[in-house]
Amino acid sequence: MQDEPTPTELTKAVADFLRNEITPAIGGHNAFKLRVAINALDLVTRQLALQQGGDVAEAARLTQLLDMQGSLVELNRALADRIAKGEADLRTPGLSDHLWQTTMDKLAVDQPNYASYRRELGRK
Amino acid sequence: MIEEQLGRCVASWCPGATGVTAAAKLSGGASQETWSFDIVHPDGVIGAILRRSPPGYGAAPSRAAGLDAEAVLMRLAYEAGVPSPKVLHVLQPRDGLGTGFMMARVEGETIARKILRDEQFAKARPMLARQLGQIAAGIHGLEVAQLPELRRMTAAKEIFELERDYRGFDWPRPVFELALRWLRDHDPGPSDEVTLVHGDFRHGNLIIGPDGVRAVLDWELAHFGDPMEDLGWICVNSWRFGEIDKPVGGFGTREDLFAGYEAAGRRADPDRVKFWEVMGTLRWGVMCCGMMQRFRSGPDHSMERAMIGRRSSETEIDLLRLLAPRGK
Numbered sequence: 235m236q237d238e239p240t241p242t243e244l245t246k247a248v249a250d251f252l253r254n255e256i257t258p259a260i261g262g263h264n265a266f267k268l269r270v271a272i273n274a275l276d277l278v279t280r281q282l283a284l285q286q287g288g289d290v291a292e293a294a295r296l297t298q299l300l301d302m303q304g305s306l307v308e309l310n311r312a313l314a315d316r317i318a319k320g321e322a323d324l325r326t327p328g329l330s331d332h333l334w335q336t337t338m339d340k341l342a343v344d345q346p347n348y349a350s351y352r353r354e355l356g357r358k
Numbered sequence: 003m004i005e006e007q008l009g010r011c012v013a014s015w016c017p018g019a020t021g022v023t024a025a026a027k028l029s030g031g032a033s034q035e036t037w038s039f040d041i042v043h044p045d046g047v048i049g050a051i052l053r054r055s056p057p058g059y060g061a062a063p064s065r066a067a068g069l070d071a072e073a074v075l076m077r078l079a080y081e082a083g084v085p086s087p088k089v090l091h092v093l094q095p096r097d098g099l100g101t102g103f104m105m106a107r108v109e110g111e112t113i114a115r116k117i118l119r120d121e122q123f124a125k126a127r128p129m130l131a132r133q134l135g136q137i138a139a140g141i142h143g144l145e146v147a148q149l150p151e152l153r154r155m156t157a158a159k160e161i162f163e164l165e166r167d168y169r170g171f172d173w174p175r176p177v178f179e180l181a182l183r184w185l186r187d188h189d190p191g192p193s194d195e196v197t198l199v200h201g202d203f204r205h206g207n208l209i210i211g212p213d214g215v216r217a218v219l220d221w222e223l224a225h226f227g228d229p230m231e232d233l234g235w236i237c238v239n240s241w242r243f244g245e246i247d248k249p250v251g252g253f254g255t256r257e258d259l260f261a262g263y264e265a266a267g268r269r270a271d272p273d274r275v276k277f278w279e280v281m282g283t284l285r286w287g288v289m290c291c292g293m294m295q296r297f298r299s300g301p302d303h304s305m306e307r308a309m310i311g312r313r314s315s316e317t318e319i320d321l322l323r324l325l326a327p328r329g330k
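Read top to bottom, the protein sequences are chains E and W. Counting from 235, one number per residue, gives the positions in the first sequence under my numbering. Counting from 3, one number per residue, gives the positions in the second sequence under my numbering.
Source of the hints: derived by calculation from the structure; they are not laboratory data. Honestly, I wouldn't trust all of these hints.
[What the hints assert, rightly or not] Taking lysine-lysine pairs in the BS3-like style, the calculated list, with each CA pair at most 25 Å apart, reads:
no. : chain 1 : residue 1 : chain 2 : residue 2
1   : W       : Lys248    : W       : Lys125
2   : W       : Lys27     : E       : Lys267
3   : W       : Lys125    : W       : Lys27
4   : W       : Lys159    : E       : Lys319
5   : W       : Lys248    : W       : Lys116
6   : W       : Lys116    : E       : Lys267
Predicted model, so just to flag it, every value in this text is computed and none were measured.
Just chain E, same shape as in the assembly (with noise of 0.2 Å):
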């Protein structure tokens, strides 16, 4: 067992140290690039936080969704070869469901600011 802090309080801490100390000291590109670096961190808190559950529930779904096993990778390379082979379409029960809800856990790691996610978290 690790000890404490947990990795989601360590990158918070960083990300917050570089937001609040040095972006008021950093000029020019490297201002820019500071930014995309607190970006990084704060992404990776998010995954931190969020990634279990949503993994758990995307692997429950896909297992009904293909009535197979296997890991989470496995199960989206059948879904996306059936997808190609047209053995499953916007037609197939739950597909369309499926996809939205797995994108939206993708965004809400990825960019829980982009336009299209926070008008599409507003229709639920």
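Please arrange chain W on chain E, whose structure you already have, making use of the hints.
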């Protein structure tokens, strides 16, 4: 160093020029660079831009038109009245600067967030979609016989290349598979008319001032194909920068874009434009994945590239909004 070299080159074609100052690299990977500099001249300073592959970097990537072709296209566009920087000089071997060309520097803004939000562009914004329609018509109206050799693209070829690139990443993306199927099922076939296509007609490649569009840049991806591709590409949500209800670059409507296009004597085909918008959305998604690959395999191991890889999911939600829209 670079200013001396530039100065020697400029003296060979610009009578009266006494030197070059303020040389600054604007952007550049390993194989292609953009420099800004001022030509000192008794009649006043001339702002200029150099776009080049440094000596030793000749071959362009397979999709690229090549810098020589870019210079020809820019000159022809300028002569046809398409807002374009004037080409001043095409580099010669004796210049010792590599391959590429020099052009007049056009003042203005290329950064989308400023164009969409800053007060100084408030009057221009409502005009831009129509202007871009007219400009696209100008590009598509260039006489094919005059143009340099460029790759010939069709929807089927583009789908093939996107699929090949996507499969090369070996990472399953069911939404991309859905989009590939949709594109194959809805391929409208070769267009009746094959024209010059700019290939990257979007924010970043447009210099905009308070008075509207001042220049179209970057002909690197120019090719022959379906002219509706350019109109679809500028409608891709990734270029709306948050203004998602204004499909044309986040500033205008498709109707205005088409009206400008048709006022210039050409016909827009909204169904084909929609098709190319889906294609463009997938294309940007595949390009984002490509950035991740280049980050991983080097030589550009930058966190910017890595983070662009995490933007491919943006195109997945946009593809779902296009292909499987949910109710209100």
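Fill in: Hint numbers not upheld by this structure, sorted from lowest to highest
3
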